[in-house]
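Enquirer: One-letter residues, chain by chain:
There are 2 protein chains.
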Amino acid sequence: MNKRPDEFELIATYFAPLAADPSALGLTDDAAVLPGTGTDEIVMTADALVAGVHFLPDDPPGQVAQKLLRVNLSDLAAKGATPKAYLLTVALPADWTADWIGAFADGLARDQETYGISLVGGDTVSTPGPMTLSLTAVGSVAAGCAVRRAGAKAGDRIWVTGTIGDAALGLRVLKGQLAGLSQDARDFLADRFRLPQPRVTLGPRLPGHATAAIDVSDGLIADLNHVCETSALGALVRADGVPLSGAARQALGGGEVAIGDLLTGGDDYELLFTAPADRHDDIAELADAVSVPLTEIGEMTEARGVHVALADGSELEIADGGYRHF
Amino acid sequence: MNKRPDEFELIATYFAPLAADPSALGLTDDAAVLPGTGTDEIVMTADALVAGVHFLPDDPPGQVAQKLLRVNLSDLAAKGATPKAYLLTVALPADWTADWIGAFADGLARDQETYGISLVGGDTVSTPGPMTLSLTAVGSVAAGCAVRRAGAKAGDRIWVTGTIGDAALGLRVLKGQLAGLSQDARDFLADRFRLPQPRVTLGPRLPGHATAAIDVSDGLIADLNHVCETSALGALVRADGVPLSGAARQALGGGEVAIGDLLTGGDDYELLFTAPADRHDDIAELADAVSVPLTEIGEMTEARGVHVALADGSELEIADGGYRHF
Numbered sequence: 002m003n004k005r006p007d008e009f010e011l012i013a014t015y016f017a018p019l020a021a022d023p024s025a026l027g028l029t030d031d032a033a034v035l036p037g038t039g040t041d042e043i044v045m046t047a048d049a050l051v052a053g054v055h056f057l058p059d060d061p062p063g064q065v066a067q068k069l070l071r072v073n074l075s076d077l078a079a080k081g082a083t084p085k086a087y088l089l090t091v092a093l094p095a096d097w098t099a100d101w102i103g104a105f106a107d108g109l110a111r112d113q114e115t116y117g118i119s120l121v122g123g124d125t126v127s128t129p130g131p132m133t134l135s136l137t138a139v140g141s142v143a144a145g146c147a148v149r150r151a152g153a154k155a156g157d158r159i160w161v162t163g164t165i166g167d168a169a170l171g172l173r174v175l176k177g178q179l180a181g182l183s184q185d186a187r188d189f190l191a192d193r194f195r196l197p198q199p200r201v202t203l204g205p206r207l208p209g210h211a212t213a214a215i216d217v218s219d220g221l222i223a224d225l226n227h228v229c230e231t232s233a234l235g236a237l238v239r240a241d242g243v244p245l246s247g248a249a250r251q252a253l254g255g256g257e258v259a260i261g262d263l264l265t266g267g268d269d270y271e272l273l274f275t276a277p278a279d280r281h282d283d284i285a286e287l288a289d290a291v292s293v294p295l296t297e298i299g300e301m302t303e304a305r306g307v308h309v310a311l312a313d314g315s316e317l318e319i320a321d322g323g324y325r326h327f
Numbered sequence: 002m003n004k005r006p007d008e009f010e011l012i013a014t015y016f017a018p019l020a021a022d023p024s025a026l027g028l029t030d031d032a033a034v035l036p037g038t039g040t041d042e043i044v045m046t047a048d049a050l051v052a053g054v055h056f057l058p059d060d061p062p063g064q065v066a067q068k069l070l071r072v073n074l075s076d077l078a079a080k081g082a083t084p085k086a087y088l089l090t091v092a093l094p095a096d097w098t099a100d101w102i103g104a105f106a107d108g109l110a111r112d113q114e115t116y117g118i119s120l121v122g123g124d125t126v127s128t129p130g131p132m133t134l135s136l137t138a139v140g141s142v143a144a145g146c147a148v149r150r151a152g153a154k155a156g157d158r159i160w161v162t163g164t165i166g167d168a169a170l171g172l173r174v175l176k177g178q179l180a181g182l183s184q185d186a187r188d189f190l191a192d193r194f195r196l197p198q199p200r201v202t203l204g205p206r207l208p209g210h211a212t213a214a215i216d217v218s219d220g221l222i223a224d225l226n227h228v229c230e231t232s233a234l235g236a237l238v239r240a241d242g243v244p245l246s247g248a249a250r251q252a253l254g255g256g257e258v259a260i261g262d263l264l265t266g267g268d269d270y271e272l273l274f275t276a277p278a279d280r281h282d283d284i285a286e287l288a289d290a291v292s293v294p295l296t297e298i299g300e301m302t303e304a305r306g307v308h309v310a311l312a313d314g315s316e317l318e319i320a321d322g323g324y325r326h327f
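Residue numbers (my numbering), protein chains in the order written: chain A, 2 to 327; chain B, 2 to 327.
Everything labelled a hint here was simulated from the structure, so no lab data went into it.
Being a predicted model, the structure only gives us computed values, none of them experimental.
Positions of the beta carbon are idealized from the N, C-alpha and C atoms, including for glycine.
Treat each hint with caution, since some may be false.
Said to hold, decoys possible - Here are some, though not all, of the chain A residues that point toward chain B, as calculated from beta-carbon distances under 7 Å: (1) D22; (2) A25; (3) A33; (4) G37; (5) M45; (6) A47; (7) V51; (8) T90; (9) A99; (10) A106; (11) A110; (12) G123; (13) T125; (14) T128.
Claimed, not checked - Chain B regions said to be covered by chain A (calculated; three or more residues, Cβ under 8 Å): (15) 38-49; (16) 76-88; (17) 150-156.
Construct the complete structure from the given sequences, taking the supplied hints into account.
Expert: Right, dumping it as structure tokens:
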């Protein structure tokens with residue numbers, strides 16, 4: 002049997018050679034940064050969702066719309082960009098209904114108001130397969146100020162927004178697992194999975210502070226590893242410094258979940274960024290200014306690889322660096 | 002049985018209300034025009050292709066890639082924009098092969114060289130359905146110079162590039178029809194369907210000449226009707242002034258095809274534009290300068306609707322204004 006490449010190998014083998022333009026950042030970043038003729042650069046990112054793969058046919062259509070839009074806004078935030086507009090292509094299955102599309106459009110309308118952006122184009126086609134949605138988001142950032150994955154320096158501190166691992170637990174709740182948690186905790190975690198809160202107020206404030214940034218979509222360790230690889234560095238994370246929600250602590254306490262599950266769980270759409278150690282106070286002030294919790298969880302190292310120190314001084318064994326959504 | 006909206010109704014009902022931003026041009030244009038901070042504006046357009054709907058699983062993958070890219074470049078050209086970059090999302094079916102993707106990427110590589118653009122981002126996901134491809138193309142145009150659909154004036158002359166109706170005949174050839182044509186004619190027409198030649202050299206020269214423009218993708222009459230509706234005008238076309246290829250004349254002469262089939266056939270990806278009558282000589286010079294055949298086929302009128310005058314003085318009866326690809 003021939004082994005086919007996985008997502009990362011496929012991109013590296015077939016698509017990265019097409020992305021020679023510096024704007025593409027080698028396809029190793031969250032978004033492309035296109036030079037403009039003025040004081041701003043254009044930042045662009047695209048994501049696709051497939052019914053039955055990324056969402057279930059009976060998921061609320063408005064939430065599907067919001068998740069599709071928000072994961073792209075999270076990518077823009079990770080570059081320090083302010084969202085401006087988006088394009089949407091929709092492949093409609095044979096059994097699509099006007100009700101579904103109406104509720105989907107309502108979800109977009111709500112988020113357009115929340116995030117101050119607008120639909121500007123796209124395409125609608127039919128498919129014999131499942132509903133397939135693709136969204137391209139466009140933002141802007143002051144020229145030269147886009148934050149890259151590949152800018153971290155050894156000794157930089159690693160910061161994350163919000164709490165880590167909730168969305169992966171939320172997916173387990175939605176699958177009927179983690180029945181031992183309180184209903185409040187279960188609801189909280191399910192919401193965290195269903196409806197990401199992209200850090201759009203923090204993102205545009207990162208230029209000038211952050212040396213590198215990424216959004217936590219594949220899992221903390223996997224995404225930190227992306228920063229390490231593109232920055233040609235390693236990282237040391239203190240497990241007990243990683244911010245956890247009350248619900249996640251409850252799950253951890255109950256023994257149904259291990260810290261490794263939280264550090265490798267995807268879909269949180271928090272931001273991870275690196276900044277020089279002497280910026281600590283500025284960043285604490287920034288957290289207050291934008292009302293986003295920011296926690297320092299470790300530092301970048303010359304030694305390659307992501308290492309996680311546990312409270313007892315031992316090191317967390319990492320099986321495969323996080324989950325892959327492909 | 003509930004009647005579901007068609008593509009145009011669906012867009013008008015559910016998506017146009019989301020496109021309040023002036024950049025979106027009400028979703029009635031080929032592309033969005035986003036203001037920049039400098040001397041250029043950003044022009045963006047997106048199209049999707051689905052295996053089994055828009056291409057066949059055994060079509061050459063390189064040609065599928067080129068058609069996907071070129072239909073978007075045609076949209077940019079219709080706005081007067083110069084292409085810069087593109088993003089691609091790919092939903093891979095369960096039976097995808099590295100050979101298919103490799104040949105698809107080779108097609109993109111060839112066109113990147115031809116058109117001087119580069120892949121800058123996108124997404125790769127899996128699907129239980131057919132291969133689904135979505136491409137967003139980005140171009141630039143001098144600020145304020147983008148050509149809209151809604152700019153035609155009564156009395157403006159209507160111009161088209163190249164020849165009209167070939168692609169629709171090519172599709173019939175590929176379905177085994179039009180067997181009475183010469184092999185050369187059949188090959189020519191099939192190529193016209195398989196591989197559009199977007200008018201990228203002409204497009205960026207249209208600002209300053211054209212008052213409105215569109216690319217001929219739904220069919221000459223349908224696309225001219227889009228210009229008429231957005232410009233609140235009508236049009237009168239002289240059927241014997243519409244440029245036809247030798248192969249199309251052969252088909253017309255053989256009686257297997259009527260002039261109405263050519264004027265309503267889609268997928269030509271020629272440009273149609275309007276310009277003041279006194280620009281005739283400038284436009285003839287422009288045709289020479291960019292080596293693109295340009296033919297004046299009629300004029301814009303205060304009287305609404307698209308009217309086609311036949312050589313015998315009668316008017317062509319138009320059943321439904323062109324075909325709809327949905």
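Enquirer: Evaluate each hint against the coordinates.
Expert: Verification of the hints:
Annotation: interface hint on D22 (chain A) holds; nearest CB of chain B at approximately 4 Å, less than 7 Å. Because the smallest distance between the Cβ of A25 (chain A) and any Cβ of chain B comes to about 4 Å, under 7 Å, the interface hint for this residue holds. A least Cβ separation of about 4 Å between A33 (chain A) and chain B falls short of the 7 Å threshold, and the interface hint therefore holds. The beta carbon of G37 (chain A) is positioned within 7 Å of a beta carbon in chain B (closest approach about 5 Å), and the interface hint is therefore held.
A cut of 7 Å between beta carbons decides the hint on M45 (chain A): the least distance to chain B is about 6 Å, and the hint holds. At about 4 Å, the closest approach between the beta carbon of A47 (chain A) and any beta carbon in chain B falls short of 7 Å, and the interface hint on this residue holds. Hint status for V51 (chain A): holds, given a least beta-carbon distance of 5 Å to chain B, under 7 Å. With its C-beta approaching chain B no nearer than about 4 Å, T90 (chain A) sits inside the 7 Å limit, and its interface hint holds.
With 7 Å as the threshold, the beta carbon of A99 (chain A) comes within range of chain B, its nearest partner Cβ sitting at about 6 Å, so the hint holds. Because the smallest distance between the Cβ of A106 (chain A) and any Cβ of chain B comes to about 4 Å, under 7 Å, the interface hint for this residue holds. Because the smallest distance between the Cβ of A110 (chain A) and any Cβ of chain B comes to about 6 Å, under 7 Å, the interface hint for this residue holds. Given hint, G123 (chain A) at the interface with chain B, holds; its Cβ is 5 Å from that chain's nearest Cβ, closer than 7 Å.
Of the supplied interface hints, the one on T125 (chain A) holds, with its beta-carbon coming within about 5 Å of a beta-carbon of chain B, less than 7 Å. Nearest Cβ of chain B to the Cβ of T128 (chain A): about 5 Å, under the 7 Å cut. The hint holds. Here's how the stretch 38-49 of chain B fares: 10 of its residues keep a CB closer than 8 Å to some CB of chain A, so the rule of at least three is met and the hint holds. Figure legend: the stretch 76-88 of chain B, annotated as covered by chain A; annotation consistent (3 residues with Cβ-Cβ distances under 8 Å, at least 3 required).
Here the stretch 150-156 of chain B counts 0 residues with a CB under 8 Å from a CB of chain A, which misses the bar of 3, and the coverage is violated.
Figure legend: structure checked against the earlier numbered hints; the only hint not met is number 17.
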